[in-house]
Amino acid sequence: MQGITRLQRALFSPFVTKTFSIFTTLLGISVFVFIVLRIIPGNTITGSFGIETGVLTPQQISELRHYYGIDQSLIMQYVSWIKSFLSGQLGYSFSTGVSVLKLTKSALPVTIELALIGTILGVIMGIAVGMFSARKPGSFRDFAGQLFGLLALAIPGFVLSTGIVTVMANVFHYFPNGFEYMTPWENPWMNFQQMMFPGLVLGIAVAAPVMRTTRSALLETVDKDFVRTAHGKGVPPRKVALKHVLRNSLIPIVTMTGIQFGYLLGGAVIVEKIFALPGMGRQVLDAITKREYATVQSTVMIFAILFVSVNVLTDLIYRKIDPRIKK
Amino acid sequence: MKKRDKSVKGALHYYHQSTSGVIGAGLVFFMIPASIFSAFGWLPHNPLDQNIDSILKGPSGKFWFGTDQFGRDIFSRTLDGMRRSLTVSITAVLIAAVLGIILGVMGGYLGKWFDTLITRMSDAVFAFPAILLALAIVSSLGTAWYDTAISIGIVYTPIFIRVSRGPVLSTKEMDYIKGSRILGYSSPRILVKHILPNVLAPIIVQIALSLSWAILTESGLSFLGLGTQPPNASLGLMVSEAQSTAAFAWWTLVFPSLFITVVVVGLNLVGDGLRDALDPARRSS
Numbered sequence: 066m067q068g069i070t071r072l073q074r075a076l077f078s079p080f081v082t083k084t085f086s087i088f089t090t091l092l093g094i095s096v097f098v099f100i101v102l103r104i105i106p107g108n109t110i111t112g113s114f115g116i117e118t119g120v121l122t123p124q125q126i127s128e129l130r131h132y133y134g135i136d137q138s139l140i141m142q143y144v145s146w147i148k149s150f151l152s153g154q155l156g157y158s159f160s161t162g163v164s165v166l167k168l169t170k171s172a173l174p175v176t177i178e179l180a181l182i183g184t185i186l187g188v189i190m191g192i193a194v195g196m197f198s199a200r201k202p203g204s205f206r207d208f209a210g211q212l213f214g215l216l217a218l219a220i221p222g223f224v225l226s227t228g229i230v231t232v233m234a235n236v237f238h239y240f241p242n243g244f245e246y247m248t249p250w251e252n253p254w255m256n257f258q259q260m261m262f263p264g265l266v267l268g269i270a271v272a273a274p275v276m277r278t279t280r281s282a283l284l285e286t287v288d289k290d291f292v293r294t295a296h297g298k299g300v301p302p303r304k305v306a307l308k309h310v311l312r313n314s315l316i317p318i319v320t321m322t323g324i325q326f327g328y329l330l331g332g333a334v335i336v337e338k339i340f341a342l343p344g345m346g347r348q349v350l351d352a353i354t355k356r357e358y359a360t361v362q363s364t365v366m367i368f369a370i371l372f373v374s375v376n377v378l379t380d381l382i383y384r385k386i387d388p389r390i391k392k
Numbered sequence: 036m037k038k039r040d041k042s043v044k045g046a047l048h049y050y051h052q053s054t055s056g057v058i059g060a061g062l063v064f065f066m067i068p069a070s071i072f073s074a075f076g077w078l079p080h081n082p083l084d085q086n087i088d089s090i091l092k093g094p095s096g097k098f099w100f101g102t103d104q105f106g107r108d109i110f111s112r113t114l115d116g117m118r119r120s121l122t123v124s125i126t127a128v129l130i131a132a133v134l135g136i137i138l139g140v141m142g143g144y145l146g147k148w149f150d151t152l153i154t155r156m157s158d159a160v161f162a163f164p165a166i167l168l169a170l171a172i173v174s175s176l177g178t179a180w181y182d183t184a185i186s187i188g189i190v191y192t193p194i195f196i197r198v199s200r201g202p203v204l205s206t207k208e209m210d211y212i213k214g215s216r217i218l219g220y221s222s223p224r225i226l227v228k229h230i231l232p233n234v235l236a237p238i239i240v241q242i243a244l245s246l247s248w249a250i251l252t253e254s255g256l257s258f259l260g261l262g263t264q265p266p267n268a269s270l271g272l273m274v275s276e277a278q279s280t281a282a283f284a285w286w287t288l289v290f291p292s293l294f295i296t297v298v299v300v301g302l303n304l305v306g307d308g309l310r311d312a313l314d315p316a317r318r319s320s
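Residue numbers (our numbering), protein chains in the order written: chain A, 66 to 392; chain B, 36 to 320.
Some hints here could point you the wrong way.
Among the chain A residues that face chain B by a calculated CB cut under 10 Å, a handful are [as the list claims (entries may be wrong)]:
1. Thr89
2. Ile220
3. Gly297
4. Val300
5. Tyr328
6. Asn376
7. Leu378
8. Leu381
9. Ile382
Rather than coming from a laboratory, the hints here were simulated on the basis of the structure.
Ideal Cβ positions, reconstructed from N, Cα and C, are used throughout, including at glycine.
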């Protein structure tokens with residue numbers, strides 16, 4: 066038998082395989098985004114000229130096709146998109162010529178702030194309600210907790226947002242999102258007020274699955290031997306709950322939070338529109354209504370990269386909270 | 036211990052024992068006649084009829100859920116919107132389930148490069164938030180109901196690939212499958228007659244849950260103006276229109292919102308009930 070050389074070990078180390086799989090996933094995503102937005106019938110010309118396309122002469126159409134670069138083969142189009150994406154400008158808007166990078170620079174922080182607030186609120190609410198529920202399975206408080214989880218899952222974000230906006234603006238005459246958006250550096254207090262409600266809406270959506278996962282993970286851990294041992298040796302119940310039970314239930318909760326972060330980015334599309342926040346979601350929607358396919362393509366790609374990065378981050382957090390996963 | 040009854044009757048028996056399943060089924064079954072009535076046009080008013088003399092009237096004997104800013108009957112529009120949402124969502128889930136099961140079962144059974152390709156592809160699709168991907172696809176497809184259904188279908192296909200591929204991987208190593216291979220059965224026969232029935236349980240549960248997500252995604256798309264187009268009714272679109280009227284006419288917002296929530300709650304409970312009935316090892320509580 067031949068021994069494993071150092072080179073082989075280095076090549077198949079978890080770090081390298083992980084990086085490789087992220088790379089192939091991103092490559093797959095880029096191909097998928099490209100196929101979905103380019104091959105499907107209807108192109109930029111019919112998109113931007115609508116029914117007026119009919120009055121264009123074949124000469125004009127072919128000039129336009131050349132101008133937009135869609136007379137090239139699909140592979141060439143893909144390559145040129147990836148080139149402009151990787152060049153750092155992320156592609157250019159057809160109509161205004163502004164680079165997607167410039168748009169993204171102002172939009173991305175808004176969405177990330179929103180997503181962070183949503184995740185933090187969601188995790189706090191989810192774990193709290195989950196613990197509240199798991200304390201006495203089958204009791205009334207468990208029922209109330211589970212009802213919260215179910216409703217939080219079933220009420221769409223746009224319904225909740227519309228409801229909040231209506232009540233706040235008309236009953237309490239308080240609607241910070243009616244003013245121009247402020248970044249946390251310009252006006253932290255205003256920014257907080259503008260982020261509070263959209264963050265809450267997203268947080269509730271995150272709380273539902275986190276609550277369910279917390280509840281079932283806790284119920285599973287409570288029966289473990291080491292918990293009984295802890296009780297037996299006289300550890301105060303509160304300490305058992307937090308240090309022994311909750312800590313050992315964290316893995317599924319972290320996984321669920323990581324997964325939810327992705328959905329939260331999607332929810333941000335709708336919430337940003339309702340609360341007039343100039344984030345990535347609004348960038349996508351604007352690009353779609355203006356038929357800026359390059360912008361849609363690059364923005365969607367950035368969303369996917371964000372999502373994949375969060376997955377990697379979740380993986381790293383695992384290792385921190387569970388020393389058993391070292392490989 | 037008594038052996039578990041695995042027949043359909045047995046599954047029904049277990050389903051009845053699940054409280055959430057029974058409540059969920061009740062909520063969902065309530066929607067079926069409602070949708071059928073609207074499909075046949077058996078509604079108190081035409082959902083598109085505008086009545087200039089009864090604009091934004093509250094709920095009354097004539098207009099059960101009140102009227103909207105064009106004097107259209109909200110009750111009829113809600114039922115009609117419900118039917119449209121269900122049509123799109125059911126079609127979408129069928130597309131996702133058929134595509135996902137075929138790809139997942141084949142990937143799991145054939146293995147090798149085909150499996151790698153399928154898994155990588157579904158990982159790639161998984162990396163998008165559902166509504167965002169559906170938005171992107173719809174923006175290039177169009178806004179006809181089948182366009183919405185196709186895009187939501189594509190979005191939810193990877194879930195079915197995962198759900199069906201996993202059990203196939205473990206089932207294909209079992210002795211009875213090896214036995215059938217030794218007997219010289221063809222791959223399609225083994226797949227359809229021996230493997231598929233054994234991976235059906237998680238798929239059925241997944242169908243109920245996906246249907247509830249599809250309804251949420253569809254109404255989200257309609258809310259953003261990329262699903263059902265006005266003047267046709269759709270629950271998401273009605274909520275979107277209610278944004279400007281809800282302040283002084285609560286019924287324009289409350290009823291369509293209530294219907295979306297009730298259906299989604301119902302389908303989730305049905306999913307829980309099915310899980311309890313078909314797969315006791317993974318009981319929800």
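Hints and how they fare:
{"no.": "1", "hint": "Thr89", "result": "6 Å, holds"}
{"no.": "2", "hint": "Ile220", "result": "5 Å, holds"}
{"no.": "3", "hint": "Gly297", "result": "27 Å, violated"}
{"no.": "4", "hint": "Val300", "result": "27 Å, violated"}
{"no.": "5", "hint": "Tyr328", "result": "6 Å, holds"}
{"no.": "6", "hint": "Asn376", "result": "8 Å, holds"}
{"no.": "7", "hint": "Leu378", "result": "14 Å, violated"}
{"no.": "8", "hint": "Leu381", "result": "18 Å, violated"}
{"no.": "9", "hint": "Ile382", "result": "19 Å, violated"}
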